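Engineer: Line by line, the protein sequences are chains A and B. Per our numbering, the very first residue in the first sequence carries number 1; after that it's consecutive. Per our numbering, the very first residue in the second sequence carries number 1; after that it's consecutive.
Remember, identical chains collapse to one label, so a pair may be satisfied in a single copy or spanning two.
Here are the computed lysine-lysine pairs in the PhoX-like style, where the Cα-Cα straight-line distance is at most 25 Å:
1. Lys88 - Lys138
2. Lys66 - Lys188
3. Lys63 - Lys188
4. Lys113 - Lys131
5. Lys131 - Lys88
6. Lys33 - Lys6
7. Lys76 - Lys30
8. Lys2 - Lys30
Since the hints were derived computationally from the structure, they do not count as laboratory data. It should be emphasised that the depicted structure is a prediction, and the values quoted were computed from it without experimental measurement.
So you can see what is in the structure, the chains are spelled out below.
2 protein chains.
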Amino acid sequence: MKDIFKSYLNTNYRITDDTAEIIFSLLTPKKIKRGTILLKQGEYHPYIFFVTSGCLRSYIIDKRGKTHTLGFAPEKWWLGDHFSLLRKEPAMFSIDAVEDTELLMADQYFFEKMPAIYDGFHGQCLRHLAKHTRIMEKRILSLLGAYGDEQYVNFMMTYPELTLRLRQSMIASYLGISRESLSRIRSKLAQHRSSAG
Amino acid sequence: MKDIFKSYLNTNYRITDDTAEIIFSLLTPKKIKRGTILLKQGEYHPYIFFVTSGCLRSYIIDKRGKTHTLGFAPEKWWLGDHFSLLRKEPAMFSIDAVEDTELLMADQYFFEKMPAIYDGFHGQCLRHLAKHTRIMEKRILSLLGAYGDEQYVNFMMTYPELTLRLRQSMIASYLGISRESLSRIRSKLAQHRSSAG
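My request is simple: use the sequences and hints to build the entire structure.
Structural biologist: In structure tokens:
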């Protein structure tokens with residue numbers, strides 16, 4: 001768990017090994033089984049999660065009991081309700097594990113301590129949120145129909161490691177389409193590839 | 001223009017009048033007519049805009065020539081392609097004025113200078129982006145159908161000042177529905193209100 005986190009820090013933030021050790025010590029490791037709910041919509045749970053193995057999902061359940069998928073977090077992704085953490089408000093969505101998952105939990109104390117430990121922390125958080133914003137902008141445009149059948153290609157580009165790991169129903173829920181439509185898109189794409197190849 | 005910006009700073013950031021003057025001097029004021037394009041998708045234009053009056057819109061035009069609305073920025077909102085600015089990449093979307101608009105332009109120099117002028121700058125940017133993230137999360141869930149007819153109510157809560165100012169076609173484009181569907185939702189809401197009142 002520590003190795004993955006340290007390799008993530010070294011690759012993205014050029015942080016010394018000593019600093020990486022201090023940062024790791026501020027986080028709480030946790031191993032959870034597939035299906036475990038980490039955060040429930042409407043409850044206040046002041047943590048942001050960093051996934052070292054497995055995969056988390058954020059989602060809401062609407063009034064009619066239907067599940068809507070907001071996003072996924074495979075290895076080396078962060079996931080949490082930042083707005084809820086900053087405002088000390090109940091979470092807008094739930095988070096659960098779609099695979100057995102190992103993760104690190106960051107609390108308010110982590111975010112308060114980090115700027116003194118790593119000078120560029122806020123700047124990096126901004127870059128991180130800007131990247132997250134881009135993913136969501138693409139998602140919105142995709143849901144508006146701006147990319148037509150390329151919405152599935154966008155999903156594959158956002159989460160290349162998840163395309164073969166997730167159940168089709170989960171990908172369909174993320175794309176806001178039926179499983180039948182997803183099957184059609186995948187067949188079309190496979191045909192296109194074989195005729196192009 | 002300066003008064004509106006200073007009142008925005010005082011309300012949100014508890015900044016002294018002298019500091020507000022310095023910050024204002026780092027921005028470039030601009031007055032544009034309705035329909036003016038400020039930023040074109042695919043081009044690099046390193047500015048973020050703060051609206052003091054009027055309204056901006058971000059959008060893309062797809063391969064078939066159809067326009068898809070990403071967002072609006074009325075008075076006291078910021079709008080720009082943050083990811084493009086940070087990465088020095090071409091913009092993913094375009095920005096134009098849907099009304100005659102007065103705005104302030106912030107460039108890379110502004111973002112480099114600000115942390116030295118105002119100590120809490122990065123922290124405030126993070127809070128701002130987290131709020132922006134929340135708006136996008138709600139938008140995604142709304143487009144996935146999680147809120148049913150409440151999607152229009154969400155729009156009104158996000159942009160209360162725009163509900164009566166924008167053309168219906170523009171609101172329908174933001175919601176990803178037809179003008180006819182928007183009319184139906186509005187009628188239903190009006191009926192519900194009159195029967196509730």
